[in-house]
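Protein chains: 2
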Amino acid sequence: MIAELISVGTEILLGNIVNTNSAYLAEKCAQLGLSLYYQTVVGDNEGRMRETIRTALDRSDIIILTGGLGPTEDDLTKEITAEVMGLPLKEDAHTRQLLEDYLAQYQKNDAQRRITSNNYKQALVPEGAYILDNHNGTAPGLIMEKDGKTAVLLPGPPGEMKPMFEEKVYPYLRKKQPETIFSQMVKICSIGESQVADEIQDLIETQTNPTIAPYAKTGEVHLRITAKGGSQKECEELIRPMVRELERRFGKNVFAETENMTLEEAVTVLLWNRNLTLSTAESCTGGAIAARIVNVPGASDVFLQGMVTYSNEAKKRTLGVSEDTLRLYGAVSEECAKEMAEGGCSFSGTDVCLSVTGIAGPGGGTLEKPVGTVFMGCCVKGKTTVREYHFTGNRARVREQTAAHGLAFLRSCILENS
Amino acid sequence: MIAELISVGTEILLGNIVNTNSAYLAEKCAQLGLSLYYQTVVGDNEGRMRETIRTALDRSDIIILTGGLGPTEDDLTKEITAEVMGLPLKEDAHTRQLLEDYLAQYQKNDAQRRITSNNYKQALVPEGAYILDNHNGTAPGLIMEKDGKTAVLLPGPPGEMKPMFEEKVYPYLRKKQPETIFSQMVKICSIGESQVADEIQDLIETQTNPTIAPYAKTGEVHLRITAKGGSQKECEELIRPMVRELERRFGKNVFAETENMTLEEAVTVLLWNRNLTLSTAESCTGGAIAARIVNVPGASDVFLQGMVTYSNEAKKRTLGVSEDTLRLYGAVSEECAKEMAEGGCSFSGTDVCLSVTGIAGPGGGTLEKPVGTVFMGCCVKGKTTVREYHFTGNRARVREQTAAHGLAFLRSCILENS
Numbered sequence: 259m260i261a262e263l264i265s266v267g268t269e270i271l272l273g274n275i276v277n278t279n280s281a282y283l284a285e286k287c288a289q290l291g292l293s294l295y296y297q298t299v300v301g302d303n304e305g306r307m308r309e310t311i312r313t314a315l316d317r318s319d320i321i322i323l324t325g326g327l328g329p330t331e332d333d334l335t336k337e338i339t340a341e342v343m344g345l346p347l348k349e350d351a352h353t354r355q356l357l358e359d360y361l362a363q364y365q366k367n368d369a370q371r372r373i374t375s376n377n378y379k380q381a382l383v384p385e386g387a388y389i390l391d392n393h394n395g396t397a398p399g400l401i402m403e404k405d406g407k408t409a410v411l412l413p414g415p416p417g418e419m420k421p422m423f424e425e426k427v428y429p430y431l432r433k434k435q436p437e438t439i440f441s442q443m444v445k446i447c448s449i450g451e452s453q454v455a456d457e458i459q460d461l462i463e464t465q466t467n468p469t470i471a472p473y474a475k476t477g478e479v480h481l482r483i484t485a486k487g488g489s490q491k492e493c494e495e496l497i498r499p500m501v502r503e504l505e506r507r508f509g510k511n512v513f514a515e516t517e518n519m520t521l522e523e524a525v526t527v528l529l530w531n532r533n534l535t536l537s538t539a540e541s542c543t544g545g546a547i548a549a550r551i552v553n554v555p556g557a558s559d560v561f562l563q564g565m566v567t568y569s570n571e572a573k574k575r576t577l578g579v580s581e582d583t584l585r586l587y588g589a590v591s592e593e594c595a596k597e598m599a600e601g602g603c604s605f606s607g608t609d610v611c612l613s614v615t616g617i618a619g620p621g622g623g624t625l626e627k628p629v630g631t632v633f634m635g636c637c638v639k640g641k642t643t644v645r646e647y648h649f650t651g652n653r654a655r656v657r658e659q660t661a662a663h664g665l666a667f668l669r670s671c672i673l674e675n676s
Numbered sequence: 259m260i261a262e263l264i265s266v267g268t269e270i271l272l273g274n275i276v277n278t279n280s281a282y283l284a285e286k287c288a289q290l291g292l293s294l295y296y297q298t299v300v301g302d303n304e305g306r307m308r309e310t311i312r313t314a315l316d317r318s319d320i321i322i323l324t325g326g327l328g329p330t331e332d333d334l335t336k337e338i339t340a341e342v343m344g345l346p347l348k349e350d351a352h353t354r355q356l357l358e359d360y361l362a363q364y365q366k367n368d369a370q371r372r373i374t375s376n377n378y379k380q381a382l383v384p385e386g387a388y389i390l391d392n393h394n395g396t397a398p399g400l401i402m403e404k405d406g407k408t409a410v411l412l413p414g415p416p417g418e419m420k421p422m423f424e425e426k427v428y429p430y431l432r433k434k435q436p437e438t439i440f441s442q443m444v445k446i447c448s449i450g451e452s453q454v455a456d457e458i459q460d461l462i463e464t465q466t467n468p469t470i471a472p473y474a475k476t477g478e479v480h481l482r483i484t485a486k487g488g489s490q491k492e493c494e495e496l497i498r499p500m501v502r503e504l505e506r507r508f509g510k511n512v513f514a515e516t517e518n519m520t521l522e523e524a525v526t527v528l529l530w531n532r533n534l535t536l537s538t539a540e541s542c543t544g545g546a547i548a549a550r551i552v553n554v555p556g557a558s559d560v561f562l563q564g565m566v567t568y569s570n571e572a573k574k575r576t577l578g579v580s581e582d583t584l585r586l587y588g589a590v591s592e593e594c595a596k597e598m599a600e601g602g603c604s605f606s607g608t609d610v611c612l613s614v615t616g617i618a619g620p621g622g623g624t625l626e627k628p629v630g631t632v633f634m635g636c637c638v639k640g641k642t643t644v645r646e647y648h649f650t651g652n653r654a655r656v657r658e659q660t661a662a663h664g665l666a667f668l669r670s671c672i673l674e675n676s
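Line order of the protein sequences matches chains A and B.
Residues in the first sequence are numbered consecutively from 259, following the working numbering.
Residues in the second sequence are numbered consecutively from 259, following the working numbering.
Hints in this document: simulated from the structure, not taken from any laboratory.
This one's a predicted model, so the numbers in the text were calculated from it and none came from an experiment.
Misleading hints may appear alongside valid ones.
Because identical chains share one entry, a pair is satisfied inside a single copy or across any pair of copies.
[Stated by the list, open to error] Below, simulated DSSO-like cross-link-like pairs (lysine-lysine); rule was C-alpha separation at most 30 Å, straight line: (1) K596 to K574; (2) K627 to K486; (3) K420 to K627; (4) K639 to K407; (5) K475 to K407; (6) K286 to K475; (7) K627 to K426; (8) K475 to K420; (9) K426 to K639; (10) K379 to K475; (11) K404 to K286; (12) K510 to K434; (13) K433 to K510; (14) K641 to K596; (15) K491 to K627; (16) K574 to K404; (17) K574 to K491; (18) K426 to K510; (19) K639 to K574; (20) K426 to K475; (21) K475 to K404; (22) K574 to K641.
Put together the whole structure using the sequences plus the hints.
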């Protein structure tokens with residue numbers, strides 16, 4: 259079956275935000291075994307939206323639209339898709355109720371916030387449409403079907419779109435697909451994208467069924483192995499030897515073999531299994547590593563405390579970094595990273611502490627320690643490892659890479675020293 | 259003039275990489291005052307590329323294509339665009355020479371790399387085309403013109419595309435555009451999207467030049483005011499009264515009036531101006547607020563320390579939250595938020611401390627304090643304000659909203675209490 263993606267919204271059209279929804283949905287379509295030939299971005303313009311939706315419904319079986327479901331007059335996705343498909347709109351009592359509950363909640367937080375008549379346009383739904391409740395916002399999603407064509411309408415914000423797609427749309431589309439497609443993820447850290455590509459080139463060149471597709475993420479490479487077959491069991495049997503081969507090639511750099519397992523979750527599970535507690539001492543990342551770990555439900559069992567010691571004063575007071583170290587080597591140094599990690603264990607009483615200190619830029623770089631220089635320390639039960647990294651890109655990129663590589667470094671230190 | 263973007267390549271189509279080129283080029287088109295109505299992504303497929311290019315040339319004056327200029331058989335952008343525009347290909351001696359020089363360089367670095375006859379296909383150019391040398395790769399860019407239509411072909415890798423666009427294409431297109439476009443941003447916090455929409459509905463209904471476009475972000479609404487005119491000065495004069503009117507309507511909830519000013523930067527500037535230092539004491543957000551503040555270059559001048567006190571033990575030890583408070587009211591309570599904020603000021607020696615403690619879920623909710631309940635405290639020079647919030651959505655959403663509203667709360671407390 260042929261699918262097509264349409265992103266609606268002037269914000270994406272004019273480049274105010276990067277279209278990450280399309281990359282996400284394209285990957286999901288691949289997982290579902292849907293053929294994807296086109297992605298389109300169109301602004302909040304009635305005529306052009308009508309034209310785009312009509313063309314897409316003409317050439318594809320399933321169209322997935324994101325954006326334009328909000329309460330403002332600009333938001334026209336539902337109205338125009340329903341019109342093109344010939345489905346009249348009417349108010350849905352259940353959606354109206356959910357909307358009122360959600361807005362009441364919001365008003366409780368902020369008495370200034372008023373509910374407007376615009377909000378209620380979100381409770382209108384096309385006849386016969388399948389309504390997808392939105393637990394993360396006010397705009398419900400919709401699935402409409404007519405004459406063998408399916409239109410899936412999803413809200414634009416990724417935080418609303420992704421959970422809705424995973425909970426409701428994925429299983430719905432799954433049922434439409436007669437052939438079984440099954441895929442498994444092998445996630446790798448601590449090796450670069452081009453090295454991974456190099457090491458699997460022979461596998462990619464000879465691939466038929468299963469196939470391998472690499473996806474580069476910051477500090478990680480994900481390999482998706484996909485098989486087509488008569489049943490899930492048949493697919494799994496096709497996939498297994500390939501997964502074994504990848505495990506053989508990448509060894510302990512494989513940190514996960516399921517879709518949803520994140521690097522921070524893999525680290526948390528490792529700490530659980532080894533009965534270790536963790537703290538973090540961050541300078542240039544400013545809490546970003548702690549925030550990723552806390553993202554794991556139940557992280558509180560192992561993660562006791564995060565310290566964001568941004569000033570030298572805080573490094574001394576909280577972590578006991580010595581005046582001499584700061585004076586002789588500076589805050590961005592191997593010595594400081596070591597003292598931060600060891601001091602973090604002492605202060606918070608944890609078995610493990612990860613420390614990072616670096617220059618995220620744009621200022622602060624020197625010839626000897628250019629922007630992007632980061633030192634990381636990891637103390638595991640008194641044994642401390644320190645490593646120097648050099649990242650490229652702007653401030654945000656340096657910090658993002660530091661957080662990702664920090665988790666990978668933490669993982670490798672736990673594996674080696676406990 | 260109407261422009262249109264086409265990204266060519268299976269990698270983007272299937273979601274292996276995120277399409278950042280389109281966001282970049284869209285913003286550049288807006289700067290050039292080109293109207294952008296569509297963006298399309300199409301795979302390396304001859305028929306679908308021909309169809310897409312033909313449609314785009316039909317409805318737009320300028321089409322900008324990225325990708326598909328490489329040496330492999332899959333790379334067809336130049337061949338198909340030239341065919342659709344009716345321009346024959348012939349070898350260009352200068353391009354051939356540049357290509358040979360570049361490949362010789364590469365071979366010096368990597369003896370394994372072979373030059374294939376495919377490489378030389380990159381030296382073929384459409385008749386009359388303007389050739390854009392590529393100093394960062396092998397594929398030259400091209401500008402073709404015929405019958406009042408312009409096609410700009412650029413390489414796909416952003417590191418090759420961006421410098422080529424900036425050096426050659428931007429000035430080329432600048433000359434084509436007689437009208438100047440200028441826009442300004444007005445950013446608002448502490449008010450919801452639909453309320454903002456409501457309060458500017460009359461302005462949007464009567465808009466001509468300038469126009470207003472609202473963009474909803476988590477915890478923020480951005481309004482872009484755009485004017486067209488003969489010069490930047492003329493545009494600025496058209497924009498000014500509208501900005502004044504928005505300031506009148508939204509008062510101190512306007513936190514920024516430039517494109518790049520973020521909420522965390524506005525808070526940091528406020529602290530700078532009032533000569534105040536800041537610390538944070540976070541529980542459920544796990545450092546996410548600190549991480550946003552540290553994102554501001556130079557934040558170290560005002561932000562001294564972040565404390566991620568995830569366990570009760572850490573709350574007591576670091577922040578001096580009393581055993582009684584934790585026992586009687588629990589860690590997620592008004593009382594605890596207050597003690598965290600005040601203890602944070604004491605421990606880190608700052609003038610201001612923002613504290614957050616809440617239930618991000620999925621577990622931990624009760625009837626009295628459901629998932630999404632968050633208490634925030636803000637101590638400004640000894641004066642503490644506490645507020646209760648109720649957010650909806652999954653763990654990541656609750657945390658994202660808490661961080662965004664936390665910054666807005668911090669800002670309003672500083673405005674009121676210092």
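>> Hint by hint, where does the structure go against what was stated? Just the numbers, ascending.
In response: Numbers 2, 4, 5, 9, 12, 13, 15, 16, 17, 18 and 21 - these are the hints that the structure violates, sorted from lowest upward.
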